[in-house]
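Enquirer: Chains as they are written, first to last, in this note's numbering: chain A, 1 to 115; chain B, 1001 to 1482; chain C, 2001 to 2480.
Honestly, the hints are just simulated from the structure, not real lab data. The reader is advised that the hints may include incorrect statements.
Stated by the list, open to error - Chain B stretches covered by chain C per the calculated footprint, using a threshold of three residues with CB under 8 Å from any CB of chain C:
#1 1177-1190
#2 1218-1232
#3 1304-1313
#4 1378-1390
Claimed, not checked - Covered stretches of chain A (chain C as the covering partner; in silico rule of three or more C-beta atoms under 8 Å from a C-beta of chain C):
#5 28-41
#6 44-58
#7 67-80
#8 89-100
Small disclaimer: the values here were computed from a predicted structure and weren't measured. We treat Cβ as the ideally placed atom computed from N, Cα and C, and that holds for glycine.
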Amino acid sequence: MMGLSLAYWVVLLLFGMGLYCILTESNLIKIAVGINVMEAGLLLFLVRLSYSPGDLAPLMGPTTGPGIADPIPHALTLTAIVIAASTTALMLSLIIQIYRHYGTVDIEEIRSKMQ
Amino acid sequence: MLQDAIQSLGFGRFALGIDAVNMIFVIAFVMVGTMGLLYTLASRPPIKRAMLSLVFVLASLGCVTAGNMLTFLIFWELMLIVSYLMIVSAGTARSRNAGFRYLLYHVIAGAGMLVGVLVQVSATGSMAFSAPTNAAIPFFMLGIGIKVGAIPFHTWVPDAYASASPSVSVVLSGFTTKVGVYAIIRLLPGVAAIPYMGAAMALVGVLLALLQKYSRRVLGYHIVSQVGYMVAGVGLATASGIDAGSLHVINHIAYKTLLFMAAGAVIYRVGSDHLPSLGGLIRYMPLTFICALVGALSISGVPPFNGFVSKYWLKLALDGQPVVLHALTIAGIGTGASFMKLLWYTYLRDPENRTVSSGPKEVDPGMAIPMLLLAVFCLATGLRPDILAGYLPHAGPAPDPFTLSGLTAGAWPPVAGVAFFTVARQLLSRAPEPPDVDALYRRGLVLMEYVAYSLARITEDRLQGNLMMILVVFLVALLVFR
Amino acid sequence: MSHLPILVIAIPLLFAFLIPLISMLFPSVRRITVTAMGLVYAGLVGMMIWGYHAMGVDRVIYPLGGWGPDVGIVLELDALSAAFAGIMGLGILLVILYSQDYMEAAESKYYVLLFIVASGIMGIILTADFFNLYVFIEMSAIASFPLVAVSRRGTALFASLYYMVFTLVSSALILLGIILVYAATGSLNMGEVAAVFDTIPELTRASIVGSFVIGLSVKVALIPFHSWLPPAHAEAVSPISALLSGVLLKNGVYMLMRLLPIFGFGDGSLDVRTLLLVIGVLTVIGGNVLAMGQGNVKRILACSSVAHMGYIALGIGIGGALGFAGALFHSLNHMLMKAGAFFSVGCIADGSFELSGLRGAALRTRPAGITFAMSTAGLIGLPPFGSFASKIMIMFAAIDAGMIGIAAVLPAGAVLSAIYYGRVYQVLYAPSEREPDDVSISPWQTTIVLVVTAVGSIATLVWAGNLARIFATIADYLVG
Chain A
1 MMGLSLAYWV
11 VLLLFGMGLY
21 CILTESNLIK
31 IAVGINVMEA
41 GLLLFLVRLS
51 YSPGDLAPLM
61 GPTTGPGIAD
71 PIPHALTLTA
81 IVIAASTTAL
91 MLSLIIQIYR
101 HYGTVDIEEI
111 RSKMQ
Chain B
1001 MLQDAIQSLG
1011 FGRFALGIDA
1021 VNMIFVIAFV
1031 MVGTMGLLYT
1041 LASRPPIKRA
1051 MLSLVFVLAS
1061 LGCVTAGNML
1071 TFLIFWELML
1081 IVSYLMIVSA
1091 GTARSRNAGF
1101 RYLLYHVIAG
1111 AGMLVGVLVQ
1121 VSATGSMAFS
1131 APTNAAIPFF
1141 MLGIGIKVGA
1151 IPFHTWVPDA
1161 YASASPSVSV
1171 VLSGFTTKVG
1181 VYAIIRLLPG
1191 VAAIPYMGAA
1201 MALVGVLLAL
1211 LQKYSRRVLG
1221 YHIVSQVGYM
1231 VAGVGLATAS
1241 GIDAGSLHVI
1251 NHIAYKTLLF
1261 MAAGAVIYRV
1271 GSDHLPSLGG
1281 LIRYMPLTFI
1291 CALVGALSIS
1301 GVPPFNGFVS
1311 KYWLKLALDG
1321 QPVVLHALTI
1331 AGIGTGASFM
1341 KLLWYTYLRD
1351 PENRTVSSGP
1361 KEVDPGMAIP
1371 MLLLAVFCLA
1381 TGLRPDILAG
1391 YLPHAGPAPD
1401 PFTLSGLTAG
1411 AWPPVAGVAF
1421 FTVARQLLSR
1431 APEPPDVDAL
1441 YRRGLVLMEY
1451 VAYSLARITE
1461 DRLQGNLMMI
1471 LVVFLVALLV
1481 FR
Chain C
2001 MSHLPILVIA
2011 IPLLFAFLIP
2021 LISMLFPSVR
2031 RITVTAMGLV
2041 YAGLVGMMIW
2051 GYHAMGVDRV
2061 IYPLGGWGPD
2071 VGIVLELDAL
2081 SAAFAGIMGL
2091 GILLVILYSQ
2101 DYMEAAESKY
2111 YVLLFIVASG
2121 IMGIILTADF
2131 FNLYVFIEMS
2141 AIASFPLVAV
2151 SRRGTALFAS
2161 LYYMVFTLVS
2171 SALILLGIIL
2181 VYAATGSLNM
2191 GEVAAVFDTI
2201 PELTRASIVG
2211 SFVIGLSVKV
2221 ALIPFHSWLP
2231 PAHAEAVSPI
2241 SALLSGVLLK
2251 NGVYMLMRLL
2261 PIFGFGDGSL
2271 DVRTLLLVIG
2281 VLTVIGGNVL
2291 AMGQGNVKRI
2301 LACSSVAHMG
2311 YIALGIGIGG
2321 ALGFAGALFH
2331 SLNHMLMKAG
2341 AFFSVGCIAD
2351 GSFELSGLRG
2361 AALRTRPAGI
2371 TFAMSTAGLI
2381 GLPPFGSFAS
2391 KIMIMFAAID
2401 AGMIGIAAVL
2411 PAGAVLSAIY
2421 YGRVYQVLYA
2431 PSEREPDDVS
2441 ISPWQTTIVL
2451 VVTAVGSIAT
2461 LVWAGNLARI
2471 FATIADYLVG
């Protein structure tokens, strides 16, 4: 397990933290944050995949081949960041609407108010 | 291979046909269907109900003329939908509840039949009728058992037929159980348990009928009982058994419809079928009384009416099954007693309260004519059984029932029954209406719904708990499902 | 035909962007414009399917921008895509037409979102690239979240958030799977991945298949991942409930049907078939039991959707082509019946959907009362409605494979559904004290939609022979 580079440990940490946050926090905003952290972990994983130690950036000179970092995951990550940003925006606006309606962002309180 | 499977499922291959086996059923359904529809129309029902009755008769005809199992199934379920609609069309809360229970019973029956048919198709590769494989038998037994009203699934019969409005129960009562009997001939030939099932039905039906206080419930339980006779007959899978059972089908459908018509006439004119509060109608509705009498004599197997003939043939066919034979004989005694009771309370005795005797009119010709026609039919086919014998599945030898031994065998049970009733009348009138197994089923249903409700409340709206589930199942899946 | 695949995705997007402009500049023609747009969309989908059929090949490949599968994104139209395109296209058209009357006062944003969903769905169906799939999944999902909340009621907002969180978690799982696919094979093209999938080490394969199956199970709302569905489908307005139940759930079904053969059903790494069978049985029984405990008509219909997804999961899990074909057929039937049911309920109930307040309501609405009875009778599985045939196919597949127990679960589910639908009938069709002339007749556009769903559910049984053969051919080509 020590063979895994530091980045993968960070990925696991982020993913786990995010998941823990989603599963245990009662504040909706914190749940939204947790989702973001989790996705950050996934995206870090994606970026790390493109790189083997010693690779060059695919900017000047050849863009594919051995010794050059893979540009495809970079493109994927950018797309995924955009998607994550829009979902976060949507989630936050929903939370604001819920707050206006129920006066709280605590999930337990909202549940009891709904009953 | 796959296309073969689709082929054997037979989608799109619709087949209808009349052959030796279903000829008598077709005749029975057409005849009674026509009489029943005439009767229904005479009570001037809303057009929807009349249409439903017509469609129901047609669906039943489709069912018995089906040429393969798929067509049979489709019409079977169509009958369910239409009869459900007929029951709830009465509009009362009671009919809606009875309809709901009826729906449940028959959806379960349909489910059993469906599995059975598919097991059969899988084993034989085609949708044609054939001898059942062992795996299919329990499913067919479930489906057909509910349909014919076998114990302990019989409770829907009195429940549904008594709760529907009188104008439809005449048409309703004739067909569903008989289609089940037909299904035994086609799908379950030779299963040894069936005659015993029939014997149980005959006995339990009569016993419970004796204790009922509403004439239509009495008739409903008698359906169970008489269908038990039919089931015993066709379950033997011998030529004489099938013939006797089929003859009993057409005879029963005639006299039971007649009896329901008479009971319906009473309800139509008097407003109730509660036996303890009726009486003396012989003075005001003599025509109805005669028809009811003919029906009662037929069902009790008194010569020279048609019930006598088919019961005699059944007894001959059951020669090798003493248990079943004796059960049916006892049931015959009970039938006599029960119908004596029915006639006594409705027509013969002096009513306890005078309000009923303020002159209900006789039924109008629209209802009287079908009743009389059926009564004539019962007498005619009783005197000359060979009219129908040619149409029976095996067109079997028609032993003459009008021998001395035959006449005595047919006459003594109803006489004993009448005697029993005369003696036990007071006792019977004080006995309460017994609860039946469906009290158990209703409690089961309530329990199930309570469990469902609690389950729903517990799992609802728990965002994080349910998310945890995803994680857990993901891990379990990775670990366990290798 | 040559450019229809991309047009089918791009045109609805274009419409989505045009609608606010048109509403601002020519507000009076919005209704006609939206109807026209919906018809154009359906027409394009229809033309695409027809063109595919006319070309007579197994697959039509449309590389985007001319880049080949090794560097670019490729759209692929094969029989499975064509079938689902037809199902979804029809569903969306019905939703658009129904919304015109039901959501008279809707802002144009509603239709914008609807068309984005339409575009996203076609994208999912047509794409042959894993990451592109993810993008379109997110597109249709994100557009659907505000659609659930459109009524701005408190419970609807919460339901939308609930739905959102669940979907995002499942999308994260799917993204994880996609990342692993790329890490293991170096390609994102479905065809290329399918070719080399067997060479991937076992643990990685198991993780990929596991992430996808669990992620997709959330989307299809199988038990125990179903709990987002009842609130979302019940709190949304009726056309959106129909959209969610009838169309968006089938997204997940399509993806399962597309991806599982690519992953070889997890053979050698994860026993997906058994997993689906277990989940399927739980879902059929659990979904129906949950529906029995509900007092709100829409929640009953929603839990019933869960159960029907269980039937489809069983169909896929049984493993052979016949079960697959039955699951395909059932997707079509369920779309028609569930959409019909939600559309009718929308007409029948005004305001509240609690059963206690709906006595006799179905008798006072035409033709929604009849359509509701027909749709729900179909959902129980009775003839003459199409689901009778699709159930038979799935059951027969089970029996043929020796799993009589599994086969018996389907009619057991039907019996349970008869219980709660029977209760609904008892209430909805109870003649009440109100005058029978107090009957409300639906507007013509809604009536057409209702009639189409009702007739459609019968038509699928009438044409069951042909439809079964078509679906069997598709299944054979995928799984056989």
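Enquirer: Identify every previously stated hint that the structure contradicts and give their numbers, smallest first.
Expert: Those not satisfied are hints 1, 2, 3, 4.
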